[in-house]
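S.K.: Each chain, written out:
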Amino acid sequence: MRYIDEFRDPEAAKRVVASLHEITTRPWTVMEVCGGQTHAIVRFGIDQLLPDGLELVHGPGCPVCVTPVQYVDKAIELAARPDVIFCSFGDMLRVPGTDSDLLKAKARGADIRIVYSPVDAVQIASENPDKQVVFFAVGFETTAPANAMAAFQAHRQGVSNFSMLVSHVLVPPAMESLLTSPTNRVQGFLAAGHVCTVMGYEVYRPIADKYRVPIVVTGFEPLDILQGLHMCVRQLEAGRAEVENQYARSVRPEGNSPAQSIISEVFRVVPRQWRGLGEIPQSGLGLSEAYRIYDAEERFGRVAPEPDHDGVCISGRIMQGLAKPPDCPAFGTRCTPDSPLGVTMVSSEGSCAAYHRYRGTTPVAA
Amino acid sequence: MNDGPSCPTPLVDDELIELAHGGGGRRMQRLIETLFLPAFANPQLDARHDGAMFKVAGQRLAFTTDSYVVDPIFFPGGDIGTLAVNGTVNDLAMCGAKPLHLSAGLIIEEGLPTADLQRVVGSMQHAAEQAGATIVTGDTKVVDKGKGDRIFINTAGIGVCEHARDIGPQQIQPGDVIVLSGDLGRHAIAVLAARNDLGLEAEITSDCAPLAAPILDLLAAGLDMHCLRDLTRGGLASALVEVAEASGRDIALEESAIPVRDDVRGVCELLGFDPIYLANEGRFIAILSEAGAADALRILGRHSVSSGAKIIGRVETTTAGQVEMTSLIGGRRRVDMLSGEQLPRIC
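Protein chains in written order, with numbering that gives the first Met the number 0: chain A, 0 to 365; chain B, 0 to 346.
Please keep in mind that the hints were generated in silico from the structure rather than gathered at the bench. We treat Cβ as the ideally placed atom computed from N, Cα and C, and that holds for glycine. Hints may contain errors.
Quick partial rundown of chain A residues pointing at chain B, CB under 10 Å, derived from the structure [to be verified]:
| id | residue |
| --- | --- |
| 1 | Ala12 |
| 2 | Val41 |
| 3 | Ile45 |
| 4 | Asp46 |
| 5 | Tyr115 |
| 6 | Pro221 |
| 7 | Ser338 |
In silico lysine to aspartate or glutamate, EDC-like type, Cα no more than 20 Å apart, as pairs [to be verified]:
| id | chain 1 | residue 1 | chain 2 | residue 2 |
| --- | --- | --- | --- | --- |
| 8 | B | Lys309 | B | Asp294 |
| 9 | B | Lys144 | A | Asp110 |
| 10 | A | Lys13 | A | Glu76 |
| 11 | A | Lys323 | A | Asp46 |
| 12 | A | Lys13 | A | Asp46 |
| 13 | A | Lys130 | A | Asp46 |
| 14 | B | Lys140 | B | Asp165 |
| 15 | A | Lys13 | B | Asp115 |
| 16 | B | Lys146 | A | Glu76 |
Could you put together the complete structure from these sequences and hints?
M.R.: Here is the structure:
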């Protein structure tokens with residue numbers, strides 16, 4: 000299959016791995032930002048092929064993982080209302096709220112529907128004029144254009160029984176937040192390719208300059224990740240801190256302008272609470288003034304995100320690159336995909352779920 | 000930035016039955032192990048095969064049942080009637096049995112067009128003929144509108160074993176090869192596309208098909224067959240994990256050897272699905288000694304339903320009861336069962 004097979008070619012991968020071994024002279028810690036990259040790294044065993052001392056740590060780029068528990072609780076509350084049809088992407092359904100999740104709410108009779116495109120939720124709203132249709136709009140810059148399009152279409156078609164529960168987050172502020180943390184150990188980033196497809200990568204230049212970190216826009220296939228890592232290590236070894244683009248087949252420096260226009264028409268930048276990371280200023284998107292009438296929080300009451308509570312789960316440390324899933328005492332024992340203690344075990348793109356699924360609780364021989 | 004994140008209350012209470020309890024993964028296993036097996040405990044059930052095997056008047060018989068609730072009831076490559084017959088016929092085949100007779104229980108929601116029922120019944124008869132079985136008894140119930148979903152079908156079947164082999168996970172041996180009968184995931188994607196109008200360029204048709212003929216040929220050839228499994232809910236991965244866990248032996252797979260069509264892979268890439276977990280309705284694995292591998296591939300190649308058969312892995316000498324896969328680029332990963340069904344991802 001084009002654009003997939005050539006980036007999973009074992010011989011090409013071997014060549015990049017060999018070169019990576021040649022150029023790496025010191026230990027380095029590189030963070031892949033996106034959960035999709037984490038998933039590919041663990042699924043294909045990429046980390047097992049790296050030189051000693053070159054460590055990949057897993058970033059906060061899993062939208063399911065960073066959605067605050069209070070938004071999940073609000074989603075469950077809204078879904079349980081008899082006048083509401085609640086629409087969501089599939090992987091939000093298993094995320095635990097304070098004492099339930101959307102799948103359990105569905106089993107109790109809530110009308111919850113998995114949609115593949117946010118615009119489908121607008122369609123459901125126009126087909127059910129006597130119901131309130133609420134769409135759970137979560138995600139990074141990647142999903143923002145499609146979610147914005149749903150509000151735009153609802154507005155254009157006059158579908159007034161549609162609204163969105165919005166917990167959108169932005170990648171660059173989270174990277175800066177990690178870099179300013181006193182415990183930071185990240186020396187280079189593989190930036191999330193799909194986020195950059197939408198937003199471009201100019202925004203990363205000030206971060207690379209200010210914090211002296213190389214940032215390589217990277218794709219999601221094994222060869223993408225190996226090449227991105229190779230570019231990052233080459234910069235680290237040479238003492239450079241620049242923004243480079245490995246994912247040039249999808250990402251242009253300026254990004255996708257029409258997608259950015261619809262985002263800026265429908266959304267505005269707001270502060271956001273991140274599950275596991277705390278509040279980060281100017282790190283999220285909320286509906287703009289013109290689209291406020293489609294805000295489910297305006298319609299059904301506001302969500303008050305609270306700081307996270309302490310517990311055994313170390314997902315916050317994992318998403319900051321300070322720990323790996325097997326470091327958690329609950330990993331694979333009290334915390335499994337069947338009974339997750341934290342979100343990184345729930346989402347298919349969460350690091351803990353990826354380790355559990357592809358490595359199990361016993362080490363896989365390299 | 001805070002250090003200790005939130006730890007939501009563990010949601011381990013299985014107070015209510017959820018869809019995941021029927022998803023063919025860990026949750027369903029747990030339901031079977033904690034509720035059904037203790038309640039009905041007996042040696043045939045405890046063997047946890049696709050069907051029960053027992054002797055009546057010196058003749059070895061296989062007996063199985065399955066219920067069908069697919070939505071939509073018509074999809075490219077088949078319908079609920081085709082599935083209801085093939086599913087049960089295939090479960091009998093996995094016991095190494097020749098399918099003989101089937102029962103059919105129909106639960107119909109009022110308002111179903113009679114023409115739809117006629118079409119489904121026609122498909123059942125056609126599928127039964129193809130498999131060489133007859134539908135010899137049945138039952139019909141009609142429920143109020145809203146109390147069902149157009150039509151649900153239960154079938155049960157009996158078959159006869161004309162060979163003397165023991166077939167099951169316990170029989171697998173180190174060095175055995177794992178033969179997969181063809182490409183993965185077409186049934187799951189065909190139904191998903193029919194349900195959600197995914198706007199695919201070309202139609203993907205279900206792999207739904209009767210599997211008894213190639214299986215009976217394999218057995219008639221006297222190959223050293225150890226285990227057979229059809230790859231329905233939970234897909235290849237769940238079937239192999241079940242076999243590994245039940246046998247206590249490790250299984251090693253080669254990702255590059257597992258056939259998946261490009262159109263199916265495309266949808267998987269888009270939605271974040273792994274094809275080894277997708278449901279099939281016309282695919283099986285045969286685990287047999289390596290000496291018979293070439294003959295097995297030759298025999299399977301003669302049947303259109305298994306003409307794409309390939310060796311995808313083997314049984315190891317180690318005994319952790321796990322499945323491992325060598326990835327396309329040479330890394331290794333564990334293959335585990337999913338909790339429930341795969342859910343399409345956000346991005």
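S.K.: Verify the interface restraint on A:Asp46: the C-beta must sit less than 10 Å from at least one C-beta of chain B.
M.R.: Cβ of A:Asp46 sits 8 Å from chain B, so the hint holds.
S.K.: Taking 20 Å as the top limit, are the C-alpha atoms of B:Lys140 and B:Asp165 close enough?
M.R.: At roughly 38 Å apart (the allowed maximum being 20 Å), B:Asp165 and B:Lys140 break the hint.
S.K.: When the nearest CB of chain B is found for A:Pro221, is that gap smaller than 10 Å?
M.R.: OK, holds: A:Pro221 within 10 Å of chain B, min 5 Å.
S.K.: Is the hint on A:Ser338 kept, meaning its closest Cβ partner in chain B is under 10 Å away?
M.R.: holds, 4 Å
S.K.: For the pair supplied as a hint, A:Lys13 and A:Asp46, is the alpha-carbon distance within the 20 Å limit?
M.R.: Roughly 13 Å separates the two Cα atoms, so the pair holds.
S.K.: Under the criterion of a CB-CB separation shorter than 10 Å, is A:Ala12 in contact with chain B as hinted?
M.R.: holds, 4 Å
S.K.: Given the hint that A:Lys13 pairs with A:Glu76, test it: the Cα-Cα distance must not exceed 20 Å.
M.R.: violated, 51 Å
S.K.: When you check the alpha-carbon spacing of B:Lys144 and A:Asp110, does it fall within 20 Å?
M.R.: holds, 18 Å
S.K.: So, as I understand it, the hint says A:Ile45 touches chain B; can you test that by seeing if any CB pair is closer than 10 Å?
M.R.: holds, 6 Å
S.K.: Take a quick look at whether B:Lys309 and B:Asp294 sit within 20 Å of each other, Cα to Cα.
M.R.: holds, 12 Å
S.K.: Take the C-alpha atoms of A:Lys323 and A:Asp46, compute the straight-line distance between them, and say whether it is at most 20 Å.
M.R.: Holds - the C-alpha atoms of A:Asp46 and A:Lys323 are around 13 Å apart, at most 20 Å.
S.K.: Holds or violated: A:Tyr115 as interface residue toward chain B, Cβ cutoff 10 Å?
M.R.: At about 6 Å, which falls below the 10 Å cut-off, the nearest Cβ of chain B leaves the hint on A:Tyr115 intact, so it holds.
Checked against the numbered hints listed earlier, the structure breaks hints 10, 13, 14, 15, 16; every other hint is satisfied.
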